[in-house]
Amino acid sequence: MIIAEQKTLAEIQEMVAPYRKILLVGCGTCMTFCSAGGPEEVNKLADALVAENKDMVVDKTTTPRQCAEKFIDRLKDKVGDHEAILSMACGNGVQAVASRFPDKPVLPALNTQFIGVEQEKGVWTENCLACGDCILWRTGGVCPVTRCAKSLLNGACGGASEGSCEVSKDRPCAWQEIYHALKRLNMLHYLKGKPQVKDWPIHPGRVVREDLREIKAT
Amino acid sequence: MSFRQALESGKFLVTAEVGPGKGTDVEHLLKDAQIIKDRVDAINVTDLQSSVMRLGSMAVCHMLTDMGIDPVFQVTCRDRNRLALQSDLLSGWALGIRNVLALTGDHPTMGDHPRAKPVFDLDSVTLLEVIGKLNSGLDMSGNELKGSPDLLPGAVVNPGADNEAALDLQIIKMEKKIEAGAKFFQTQGVYDLDAFEKFMKRVEGLNTKVLVGIILLKSVGMARYMNKNVAGVFVPEPLIQELKKAEDKAQASMNIAIRLIKGAKDLCDGVHIMALGWESKIPPIMDEIGL
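If you read the sequences in order, they're chains A and B. Residue numbering for the first sequence follows our numbering, starting at 1135 and increasing by one per position. Residue numbering for the second sequence follows our numbering, starting at 218 and increasing by one per position.
Bound-form chain B, shown alone:
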């Protein structure tokens, strides 16, 4: 079943993601994808995540399609103007890519080429509009395409925005993204189910699918790092302590993920698991939840 069919079927969706590395070596990444291939509805491929120069999303998405996996092509507005974005969307389609996640992208200062010229010619909302336009057979300037894609557009939202203004802004933008054609949302990593429930209440009238983001906590250090450096991600102290005290850290991390997914399952339409190299933990997590 393709991701689009899964989305339309109304089933509880499961997606994961892989991040290409710096260089041409894809052996580990493809192995990770192979492990979860039959357990997920789609696998996202990140686009120069954290503004670090890496192997590209489109190439890796294409490799996943060769393996019979339906990839979600993550496209940020950081590095490409409207010409390059449209061309890459067409190119992705020509290579067998069917799903796109439209993102603004981190600022170049976050990565390893901090003084690169930021582009941001379009943003996540207008990129979604452009996907719709390409799907309709026209480019952004209204020129007719000879052969057009039928991409499934998705977007992201950050339910953990840390103040009222930030959260209102997230929800207003989410509405704009839906208006612009987003058919599904994958959220930033969620650790606070109460806050997530409140968020879902606020967006329950919106006609879309929300996949809760779950980032596997690989270590106490990683949890603390995210609390300090990743906007919208907050790992509560009791979870950090649970991980700290556990003898089997991997099992503790899985237990936390299992609890979070079980708790979120009835609140939303799916889960997006960011395993960060721990893809082998995804099948046992899903077994435990009964997915």
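Just chain A, same shape as in the assembly:
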């Protein structure tokens, strides 16, 4: 899932300062699971904003996903005369909502961090950079593009110390993790494969599936 963190109240205050009536929208999937922008966080943020701005009206709602048209559509009757929408979605959701309601300022209440998992209660770690060319079959299910700080594809650098990455002690060396995983799977020979150079994706990404496209009338 996508992991995000709420912005500081000070920054959110700066964004909402020009408005007196806002719609605060939570997101029911990733943002709920990572405790950044679900119904509970919507309530807390609304209370905090009203406490700081006595004359501000903050109406609340949560939609199952802010990144899918059919769920964004559910907001259309709620947007009404709100001067701005404060979104507790990831950056993807914020932009999808902004594109659906082009005449309303749509403000991000969160900082989107990464695609990852909850490693332990209250700790999330990044697992996928969405690089467009998955090599996990060769690396024992551990992604070096994401989990090696240097995204090295051809083995460890010399910077690891006691199993930790040189960038910080709380990040394990991904290549040592790959080594252990491949060893467990009797696949250590994968480490000796032909050196790889990455073809980096061109941003912004675009996926086209001709088989799913609607055939345009000629």
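Treat the hints with care, since some could be wrong.
Derived DSS-like pairs: lysine-lysine, alpha-carbon spacing no greater than 30 Å straight-line [unchecked claim]: (1) A:1326 <-> B:418; (2) A:1328 <-> B:248; (3) B:426 <-> A:1328; (4) B:228 <-> B:363; (5) B:426 <-> A:1326; (6) B:462 <-> B:418; (7) A:1332 <-> B:350; (8) A:1328 <-> B:415; (9) B:479 <-> B:248; (10) B:363 <-> A:1332; (11) A:1188 <-> A:1204; (12) A:1155 <-> A:1255; (13) B:435 <-> A:1303.
No wet-lab data here; the hints were simulated from the structure.
Since the structure of chain A is provided, determine the placement of chain B on it from the hints.
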């Protein structure tokens, strides 16, 4: 004799290294290089060592060639993508640089611009492959070069990796580097000869030259700092105590280096001395060893 000729001659190789500073002042660095000029086969010039922004390696390598020194151009993958790396390799050759040390490079977080965007478009292995390709007259995309270099590629290895996985990974990568064209290896600083001997046993079948890295211990504080902060470098406590007790610290440091080099001499093909400003100690060390 050029570094390449020295390497091919089979003699025991001696290299040293200088690190450009922050700013344009090169007076000390060139003086240091002058002191050792006639005693070493090559002098490495570091590339923004420890990810600290400094004067560049290529410019200083060029200055060394003007002094009749054969430099080893250290090139990391931290700050340049494949376009810039290839261009700098060609530029270095055009300026008289003949040897390149291909390194991954430290992460920017280690240095004084910690939130700089890390590049790492290539890594040490694929950089070596690219050097070979440029030497063959082609760029990475297969386009023909009009005039091509003949760079001597080298690489690094860390024999002091601190666990089995880390050491296996180092050796697997060393094999890949040889496959990718590395003709010599300079190691991370070595203080434990037993561990180094074990390492050399494991790589003895590999067709390459290994220069043992020797970092002069300038103080007890430096030894402790390296033990805590420099991956793969471990100064055993007895050496630290020897330095601590000595009245003449510089002499004690030289004695330690002399012992280490004497002990490593028959295990490998050369020594890479990192003197960190103590270049004047290199000639007496070499005299003592008979190099």
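Going straight from one Cα to the other, do residue 426 of chain B and residue 1326 of chain A come out at no more than 30 Å?
Distance of about 21 Å is within 30 Å: holds.
30 Å limit on alpha-carbon distance, applied to hinted pair residue 479 of chain B and residue 248 of chain B
holds (27 Å)
Given the hint that residue 228 of chain B pairs with residue 363 of chain B, test it: the Cα-Cα distance must not exceed 30 Å.
violated (35 Å)
Within a Cα-Cα threshold of 30 Å, do residue 363 of chain B and residue 1332 of chain A meet the stated pairing?
Judged against 30 Å, a Cα distance of about 27 Å means the pair holds.
Given hint residue 415 of chain B paired with residue 1328 of chain A - CA-CA distance at most 30 Å:
Holds - the C-alpha atoms of residue 415 of chain B and residue 1328 of chain A are around 27 Å apart, at most 30 Å.
Regarding the pair residue 426 of chain B and residue 1328 of chain A, is the alpha-carbon distance no greater than 30 Å?
OK: residue 426 of chain B and residue 1328 of chain A at ~23 Å, within 30 Å.
Holds or violated: residue 1332 of chain A with residue 350 of chain B, Cα cutoff 30 Å?
holds (17 Å)
Measure nothing beyond the straight line between the CA atoms of residue 1155 of chain A and residue 1255 of chain A; if it is 30 Å or shorter, mark the hint as holding.
violated (35 Å)
30 Å Cα cutoff - pair residue 1326 of chain A, residue 418 of chain B
Between residue 1326 of chain A and residue 418 of chain B the Cα gap is close to 20 Å, so the pair holds against 30 Å.
Taking only the CA atoms, is the gap from residue 1328 of chain A to residue 248 of chain B under or equal to 30 Å?
With Cα atoms ~44 Å apart, residue 1328 of chain A and residue 248 of chain B exceed 30 Å; violated.
Is the Cα-Cα distance between residue 462 of chain B and residue 418 of chain B 30 Å or less?
violated (34 Å)
Within 30 Å, alpha carbon to alpha carbon, are residue 435 of chain B and residue 1303 of chain A?
holds (27 Å)
Consistency with the previously given hints fails for numbers 2, 4, 6, 11 and 12, ordered from lowest to highest.
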